[in-house]
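Bring the two chains, given one by one in their own frames, into a single complex with the hints.
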Amino acid sequence: MYNEFTKCHPFVNFFCFLFVITVTVFFNHPIITAVSFAGAMIYGITLLGSKILKYFFLFVLPLCLLCGIFNPVFNHQGMTILFYFQDGNPLTMESIVYGGVSALLLASVLLWFVSFNQVMDSDKIIYLFGRVVPSLATVITMVMRLVPMYACHFKEVYRLRALEIKKLNIYRRIRISLASVSSTTTWALENAVFTADSMTARGYGSSKRSFYSDFVFTNRDFILLSVIILTAAVFSVSAVMGGGYAMYFPYIKMGDNHLLNMSAYVSFGLACFLPVFFNVWEELKWRFMK
Amino acid sequence: MAVYEVNNLTFKYPKGKNYALKNISFKVEEGETVIVCGLSGSGKSTLLKCLKPALVPFAGELSGEIFFDGTPSKEMSNTEQAAKIGFVMQRPDNQIVTHKLWHEMAFAMENLGFDKEMMRLKVGEMCSYFGLSHLYERDVNTLSGGQKQLINLASVLAADPKVIILDEPTSQLDPISATEFLNVIKRINRELGITIIISEHRLEEVISFADKLLAIDKGRQVFFGGVKEGIKTIALKNQELFKSMPVGIKLYDRYSNGNDYPLDVCGSRIFLKKYTENKKISSVVIAQKPDREKKETAIKCSDIWFKYEKKGKDIIKNLSLEVYKGEIFSVLGANGSGKSTLLKCLCGIEKPYRGRIKAEGRNAAALLPQDPALLFLKETVIDEFYESINKGKLGLSGKDKEKIEEAVEFFKLDKLLSMHPYDLSGGEQQKVALAKLLLKNPEIILLDEPTKGLDFSFKEKLQNTIKQLAKMGKTIIMVSHDIDFTAECSDRCAMLFNGEILSCSKPRDFFQKNRFYTTNASRIGRDIIPNAVFTDDILKALEGIR
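Those protein sequence lines, which keep their order, are chains A and B.
In case it helps, my numbering puts the first sequence at residues 1 to 290.
In case it helps, my numbering puts the second sequence at residues 1 to 546.
Just so you know, the hints here were simulated from the structure itself, not pulled from any lab data.
Among the clues, some could well be false.
[As the list claims (entries may be wrong)] Straight-line alpha carbon distances no greater than 25 angstroms define the calculated PhoX-like cross-link-like pairs of lysine-lysine that follow: (1) A/K7 x B/K452; (2) A/K167 x B/K351; (3) A/K155 x B/K186; (4) B/K358 x A/K167; (5) B/K311 x A/K54; (6) A/K155 x A/K167; (7) B/K279 x A/K167; (8) B/K311 x A/K155; (9) A/K155 x B/K84; (10) A/K155 x B/K378; (11) A/K51 x B/K358; (12) B/K378 x A/K208; (13) B/K74 x A/K208; (14) B/K307 x B/K317; (15) B/K440 x B/K403; (16) B/K84 x A/K208; (17) B/K378 x A/K167; (18) A/K167 x B/K440; (19) B/K84 x B/K116; (20) A/K155 x B/K452; (21) B/K467 x A/K155; (22) B/K506 x A/K155; (23) B/K415 x B/K403; (24) B/K116 x A/K208; (25) B/K506 x B/K317; (26) A/K155 x B/K313; (27) B/K232 x B/K540; (28) B/K186 x B/K228; (29) A/K51 x B/K310; (30) B/K401 x A/K54; (31) B/K325 x B/K300; (32) B/K116 x A/K124.
Next comes chain B alone, as it looks inside the complex (with noise of 0.2 angstroms):
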């Protein structure tokens, strides 16, 4: 019998005038990973809690059906369907409830009656299996977001649940936590057999282990079925949908016709080998950007070091860093390298106990904080922009306006203008803090994770955005995780490591010398292709052995 079965589901919001979900049909059997991909707004979230009868959005018009395990799913009753249906969001602050990991854990199984005895024994069981045992007594707010992602998962698998569905739970995680997360849920499924239904951006790390693909588009179903007949069907119907598919896969669908797509970084060398065998590739032929001869600095930091309390570790230690203007700079590096640190010293939140930072003028730069939403202080988009230059709708002068209006056709941002800022999804409340910062008319901008939660599409509108404003003249610093990302649209690379800079240069020098912390495209093309570090590289030099 199958674990779900979805016929025909409908689904409208009470105001809203369009369907948010029309004509859904699928059916997941016990044991399946099962893949939701779409566009950000495209209805994966609505249907993922359609699919929980406790979480159905508020007064929204559902109609078709849906069984649970062959039991229409609106006759569960509240205690079957919180055990039997776990639900794993995507904040993992806002999902936990209690202060302490173990109470957590316990969580859900208080609210279902468990014994004591019960819950000892699944709460012991859970950390060893997932080994938070060194954690059990910590305080939830000491924990980084991967570990609480973690909880959640513990927490809502200790009711035993038949399937857990999860809505973008990497969304917000660095890409070490996103690939460790994203393990146990491949584990939970191979070793326990639990039913997985998850959405994500991140498509290379899932689509390796998923059994089907669901696609869907503006609400409406585009596929449902196994994975590479998935694939192949989105390359041909949503050209749209397709970019955000990995780098291999984009690969073989130009340069073969078969649909045995490769699913991973080893199945894409494989394939490119094959591809190029007994094939001349040429080098790849770089044009130097000729540099310009005179480099105004924009901001120069001179053997910095700061710590957060006296007797505390050295967070950034002796850096020195020189960044030109109308540059755009990228700080690489893992978690708690002292990467937010270096923007907050930058910006003057913090300040270093020794050594100099200089730039041009008091408050030159501005910083576009990882959350966005901690910069919104008003009721509607517009009153944010007349809150930044510090004026009532009435104090305006034509200026102002002139500003807010050139700010808001820069970010195309007309239909927003009236929204609740918190209403807003995570890449547009990104494009109104920006330009939110860009009315304060600061010399340099500070990005802090600034493609966190983002789809691709977004990601590539940001990259625009950045390059653009860089053309105006302002200088770009950011800090990021996303390593293809940054090698796209940055100027220079750093790697910060353990408070110190290692090396800085120019992307395709740096990532060349990388060997794992390196864009998908070099990792794919590596030794095959000499010197890719882009996608292009790869598309280049294949177009010339065609």
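If we strip away everything but chain A, and leave its shape as in the complex, we get (with noise of 0.2 angstroms):
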């Protein structure tokens, strides 16, 4: 599918992940977490498509069911006892809901952050710190660049290694890395000094830093971010006021005010789908052109 949103400005994608990931690890109610795992797992396919089905069943679920398994086998607050265990500790109805929640928003969380890795590449990233703290994105983007190139270094410096002894066996490997990991430091702190003569020469530290970056923020940024600002007032407002609270223990008690209740959810459902939104709202406006 089309994925304009990847597209926007750095600051678009960052509040839309940071309100959406900040809300979904905070609130254990299950219509607000089942709203955020909705909107994570279909967002999720159109980014990776079939890529996260992969990894959620491979990966994301069976965590997910052992903490839904686990929460209720170790916690045995509640009301509600359904059983009692051999060993004479209860089972009870709230530490099994709490314990399904609880993996939803397990899963929820995971998912978010496959996306947000996809969507916050590391210009993004560096532009954020950059905004901030320029020299921070320096080390950053400086980070980026040499740790591959030392582990190819080590790499290769293992592998010649590895071809002078015949038989190769977990004690020689050892000795091996440690060699080659003395001798990768050696060679690095040899570039360093020529990297630091470059920087010197390019006028590094001479005045003050400013940040070169591609992003622009446009009109659709603008709109887009009015509308991440707009659901997180909304759904701030509705949940100190009391909407989308949950307690599960020692009785399992929700928000009973609906309206408020009902503000939070479309606010957050808003903010979760705002990404699937866009992009089959660009996806439209391109077969209509066309």
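Structure representation (structure tokens):
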């Protein structure tokens, strides 16, 4: 599917994810969690297709099942006792529900982070940091350059060493690895001298640093960001007044003001599905133009 | 007003016994290209660093005057000199700071506090001018050495410098990228009027467009002035340095008394044609070495195929190769033709997915990688040798000691034993690495681009070493871009293209067939002196008609 949301300004991407992920983590209300899960799953599919399903079934689902099962086994709070285990501990209905919601919550957060990694590439992260602390942005970009470079050097040294040794057992492998690490370190320090020279030569630290980026904040970004801020505001107000509230122990209790609850669900749902809505909108626009 | 005016520049490193530079004086006018030549260790790099105040080696003693644009260079502010004096160093990799091409291009401008609109314009301009637009969003790690060096240049240029100083910028590049890079240098000089000060091993490519020549030897100034006069002076005064001059210049120097030196192949051909006009040239007599009857096979590949990923492209396709014992075998080919991969297969780092490689015994082959530093693990050279025979200093038997002493003597390393391997020059590093490999007593030695970054005199030494090793019965297989070097020292050459070996024969036959991919001597002598491949061929033929 057409992924226009990825091309939006980093602020839009970042605040959307920030809002959605924060709420998902801190509100363990079943409906909010379910909405978040649906949003994460559908957006994940539009971004990565079947890859996300593979990730979900092979990694996320087993982990969440484990979490859902272990919670009632070890958590014995709650009033509604279903039966007693052999060791005399009770199994309660509340802990089962709580386990289920927590499992769903975990799944949503994991899925959101998949999309987050996909959308927020290194350029965007550096841009966000660069706006706040320019020198931190330099450090990040240097790390992103140097780590793969060192890893590559290490691998070459290791393989050349491994060639000379006839039988590779674990002990020898560790020894070669250590020697290669030390050699890579020396090499890295040696290189750093030149890098430092090259930085001074190009005036690093000589005056106040500015920040280069390709991102332009357009009207479209303004509208999207406004929507995100608006939904966040509506959600916050409803939440403070008691919307989307849920308690599991000792008995299950949820916020009962219908209006407040609905405004919390709708505003949060809008933010969760914003990337998908936006992509569909752009897709339709494109189709009608052709 | 001169861009640079240097008077009696003298420099001494903090712990150095001798002066690294002594009484250097010269004057560079705006828009000139100045080539700085000298052998390794003559003080070229030190001189160039002294020209940029921010890079003057720490705690050294600097005396004499350096004026940049009329003001003493010491008085320039950091911002000013970062913008006005661009500096490009040898190794493309360790000058790059950021991980994306666009960011690297903007790095210098960011440091100088340019505003965003200005930077965007400049980066766009640079990318268009250098033809880097298609790489704009690429990770730096995925680029080739030539492209990396081009980014380094572009990043420096973006700050709008008046002069660019380049310290052997192409020593780590293959010949094709090097030529491209130097063409860009020529272009920015001719089209933008930027002053260039460059030190370079590949004299044949720079000398044709340089205006001035500065020759230094052991820190002393040999000559400064026009290029052709400079060559004449070097020819008279400093034979060692003159050896590194291009073939055409050497021929001219020998057979003519003037100083109108031909600076490129075309000029050399014109001179040669004139000189040989109306004279009968006997074809070069080739003393064919008799083939030894019984050849023992050292390593044999039959129909090997290799690729890095299952769905990837085949890097080596159906390659068969037989190398004999005591032979020097060279594989030539362009970037990405699979040369280095072939070596990796031969030494066992990679395994072909089809076909077989048969060598005498496992680990018969030892690889000397492009960057010899990959083999260094210890603090001193002698420790490297101990490590190589897998014993500490105490566990050495008399035999081991003898072995090390032998290696030290063979490579003449006695003065370097207590030094840190990283403190050695490129050529010395290579010798130490080679010695380290030999202590393992391999039958086959694989060399990956052995001449990379070496100057002429080191190349000559390396050539002798390789020949000696072959005489001792070692088999040597090397891959290289360096056509002249491989032509001089191999027994057989092979051309690798697109993962296949296209032709394989003795260097003389090999290079005679080629029109483009051949030695400089063969280019100069083609159609004028039949069958000439080496410089010696031309010299002999001319000797015959004298």
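Hints and how they fare:
1. A distance of roughly 43 angstroms separates the Cα atoms of A/K7 and B/K452; the hinted pair therefore is violated under the 25 angstroms criterion.
2. Of the supplied pair hints, the one linking A/K167 and B/K351 holds, its CA atoms being roughly 17 angstroms apart against a limit of 25 angstroms.
3. A C-alpha spacing of about 38 angstroms is found between A/K155 and B/K186, which places the hinted pair above 25 angstroms, so the restraint is violated.
4. Annotation: proposed proximity of B/K358 to A/K167 holds, straight-line Cα distance about 20 angstroms (limit 25 angstroms).
5. A threshold of 25 angstroms between alpha carbons decides the hint, and for B/K311 with A/K54 the separation of about 21 angstroms falls inside it, so the pair holds.
6. Restraint check for A/K155 and A/K167: satisfied, since their Cα atoms lie roughly 19 angstroms apart, inside the 25 angstroms limit.
7. Taking the CA atoms of B/K279 and A/K167, the gap is about 67 angstroms. The hint is violated against a cut of 25 angstroms.
8. Taking the CA atoms of B/K311 and A/K155, the gap is about 22 angstroms. The hint holds against a cut of 25 angstroms.
9. For the given pair, A/K155 sits about 40 angstroms from B/K84 by alpha-carbon distance, which is inconsistent with the 25 angstroms threshold.
10. For the hint linking A/K155 to B/K378, the alpha-carbon distance of about 18 angstroms falls within 25 angstroms, and the restraint holds.
11. This hinted pair does not check out: A/K51 and B/K358 have alpha carbons roughly 43 angstroms apart, beyond 25 angstroms.
12. In summary, the hint linking B/K378 to A/K208 is not supported, as the alpha carbons are separated by about 41 angstroms, beyond the 25 angstroms threshold.
13. Proposed proximity of B/K74 and A/K208 is supported: the alpha carbons are some 22 angstroms apart, at most 25 angstroms.
14. Of the supplied pair hints, the one linking B/K307 and B/K317 holds, its CA atoms being roughly 9 angstroms apart against a limit of 25 angstroms.
15. With a C-alpha separation of about 10 angstroms, the suggested pairing of B/K440 with B/K403 holds against the 25 angstroms cut-off.
16. Note on B/K84 and A/K208: the hinted pairing holds, with a Cα-Cα distance of about 18 angstroms set against a maximum of 25 angstroms.
17. Among the hinted pairs, B/K378 with A/K167 is consistent with the structure: their alpha-carbon atoms are about 23 angstroms apart, no more than 25 angstroms.
18. Between the alpha carbons of A/K167 and B/K440 the distance comes to roughly 16 angstroms, so the proposed pair stays at or under 25 angstroms and holds.
19. For a cut-off of 25 angstroms, the pair hint linking B/K84 to B/K116 stands: about 20 angstroms separates their Cα positions.
20. Of the supplied pair hints, the one linking A/K155 and B/K452 holds, its CA atoms being roughly 22 angstroms apart against a limit of 25 angstroms.
21. Note on B/K467 and A/K155: the hinted pairing is violated, with a Cα-Cα distance of about 32 angstroms set against a maximum of 25 angstroms.
22. For the suggested pair B/K506 and A/K155, the alpha carbons sit about 36 angstroms apart, so the restraint of at most 25 angstroms is broken.
23. Among the hinted pairs, B/K415 with B/K403 is consistent with the structure: their alpha-carbon atoms are about 17 angstroms apart, no more than 25 angstroms.
24. About 14 angstroms separates the Cα atoms of B/K116 and A/K208, which keeps this hinted pair within 25 angstroms; it holds.
25. Straight-line distance between C-alpha atoms of B/K506 and B/K317 comes to about 23 angstroms, which keeps the hinted pair within the 25 angstroms bound.
26. Taking the CA atoms of A/K155 and B/K313, the gap is near 22 angstroms; set against the 25 angstroms cutoff, the hint holds.
27. As the CA atoms of B/K232 and B/K540 are separated by approximately 23 angstroms, the hinted pair is consistent with the 25 angstroms bound.
28. Taking the CA atoms of B/K186 and B/K228, the gap is near 18 angstroms; set against the 25 angstroms cutoff, the hint holds.
29. The suggested pairing of A/K51 with B/K310 holds, with an alpha-carbon distance near 20 angstroms, which does not exceed 25 angstroms.
30. The suggested pairing of B/K401 with A/K54 is violated, with an alpha-carbon distance near 60 angstroms, which exceeds 25 angstroms.
31. Among the hinted pairs, B/K325 with B/K300 is consistent with the structure: their alpha-carbon atoms are about 11 angstroms apart, no more than 25 angstroms.
32. Between the alpha carbons of B/K116 and A/K124 the distance comes to roughly 16 angstroms, so the proposed pair stays at or under 25 angstroms and holds.
Hint compliance for this structure: hints 1, 3, 7, 9, 11, 12, 21, 22 and 30 are not met, and every other hint is.
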